[in-house]
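Below are the chains, spelled out letter by letter.
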Amino acid sequence: MTYLAERFKYGRKTKAQIDSIPTSNLLVGDNVWNTDINKEEFWTGEVWVNDDCVVMINNEGASVGTGILMEVDNSSSTTYHTRRADRTNSQYYLGAVYRGGDDGDKIVIACKGLYPVYFRSTVTTTTRGNLCRHSSQPGEVIDEGSKTGGINIIGVIAESYGTMPGDRLVNVFIGSKDIY
Amino acid sequence: MGFLSKGSYAYGNRSYTDILALTGMSLGDNVFDTTYSYERIYDGDNWVHGNQRSFTTDGGLLDGAVMIASGSNDNRIDFHNGSADSEAIIGIVEDSVNGSVGDVVPLTYHGDVRKCLVTAGASPDDAATGDYVQISTSSNGYGDIGTLAPDIFGNYIDSAATATGERRIIFRHVERF
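The listed protein sequences correspond, in order, to chains X and E. Under our numbering, the residue at position 115 of the first sequence is numbered 115, and the numbers go up by one with no gaps. Under our numbering, the residue at position 70 of the second sequence is numbered 70, and the numbers go up by one with no gaps.
Calculated from the structure, these hints are not laboratory results. Think of the CB as a built atom: it goes at the ideal place given N, C-alpha and C, for glycine as much as any other residue. Be careful, since some hints might not be right.
Claimed, not checked - From the structure, some residues in chain X lie toward chain E, with a derived Cβ separation under 10 Å:
id : residue
1  : I37
2  : C111
3  : G166
4  : N171
As the list claims (entries may be wrong) - Looking from chain X toward chain E, a few residues come up when the C-beta cut is under 7 Å (computed):
id : residue
5  : R7
6  : K9
7  : Y10
8  : W33
9  : D51
10 : R128
11 : G129
12 : K147
13 : V156
14 : A158
15 : E159
16 : T163
Turn these sequences into a full structure, and let the hints steer you where they fit.
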């Protein structure tokens with residue numbers, strides 16, 4: 001049967017290794033096994049993407065990084081634009097950035113699955129199993145502090161931290177946003 | 001040099017039953033599931049489709065069980081345990097061939113779930129197509145018939161139980177208040 005090297009052109013790599021592959025070497029359709037998320041990813045010609053994600057154009061006016069919540073930019077007259085999510089615009093919510101970029105770049109947003117999400121600077125600890133809430137700070141989340149909650153819940157926290165990691169990214173089981 | 005046996009699939013087209021019987025797979029091998037019309041990829045532990053991912057379970061296994069994030073270990077899953085977890089459902093165990101705590105099982109976290117365990121009895125077994133499915137407050141890891149209220153995690157899409165206590169649902173992670 002097939003060998004790993006034949007099945008995936010770039011074999012098995014972490015996200016950091018994948019993102020370090022020189023883009024000048026890549027061809028549309030090239031694939032790789034992402035060991036961070038255990039999913040196959042494909043090179044679109046511009047970004048690496050998997051089937052949990054959508055590709056949109058960053059219209060925030062600034063760069064956006066991994067874990068930031070994003071929404072459809074309904075103020076833009078151009079399709080496929082996205083911006084940092086404001087929790088008052090729940091009907092436009094998309095998910096969390098998996099691969100970010102500068103203003104105008106194509107970025108990759110995870111809409112479902114287990115992915116890192118950016119926790120607000122006021123959060124000092126997280127508890128696995130607690131709900132994750134879209135905070136009043138656009139694009140950022142907080143630990144709800146319980147397994148019951150309400151509007152603006154975007155998923156379930158998967159990791160406990162007694163001290164937050166330096167990058168403030170914590171894995172969350174991302175689901176549809178509770179907008180009711 | 002590896003060869004593809006048919007089209008772009010390492011194992012070609014096979015029934016779901018035949019896929020589960022395969023041995024000697026390598027990470028990344030793929031197959032077309034002709035029973036359920038999925039591409040499945042072998043992730044090193046299980047044959048998963050695009051709305052699935054494998055996780056280690058801290059609950060003993062029930063295929064079709066309704067799951068939450070584990071409270072014991074990071075990035076693992078466990079059975080829901082009643083109303084306290086009413087808004088923490090993350091998916092349904094499906095297509096699992098293992099059966100013990102610590103096993104790595106496939107979790108369907110979006111879309112069509114062929115078999116969701118529901119509390120045995122006339123009520124959920126007879127729930128109509130489109131009715132809400134919510135957690136069971138009497139049986140850990142099971143669903144029940146629901147009303148428009150918190151605890152909803154999907155809709156029934158079949159008209160009757162396929163077997164006692166099994167229903168097909170669409171899983172979605174939105175609750176109603």
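Consistency of the hints with the structure:
no.: 1; hint: I37; result: holds (8 Å)
no.: 2; hint: C111; result: holds (9 Å)
no.: 3; hint: G166; result: violated (17 Å)
no.: 4; hint: N171; result: holds (6 Å)
no.: 5; hint: R7; result: holds (4 Å)
no.: 6; hint: K9; result: violated (11 Å)
no.: 7; hint: Y10; result: violated (11 Å)
no.: 8; hint: W33; result: holds (6 Å)
no.: 9; hint: D51; result: holds (4 Å)
no.: 10; hint: R128; result: holds (6 Å)
no.: 11; hint: G129; result: holds (4 Å)
no.: 12; hint: K147; result: holds (5 Å)
no.: 13; hint: V156; result: holds (5 Å)
no.: 14; hint: A158; result: holds (5 Å)
no.: 15; hint: E159; result: holds (4 Å)
no.: 16; hint: T163; result: violated (14 Å)
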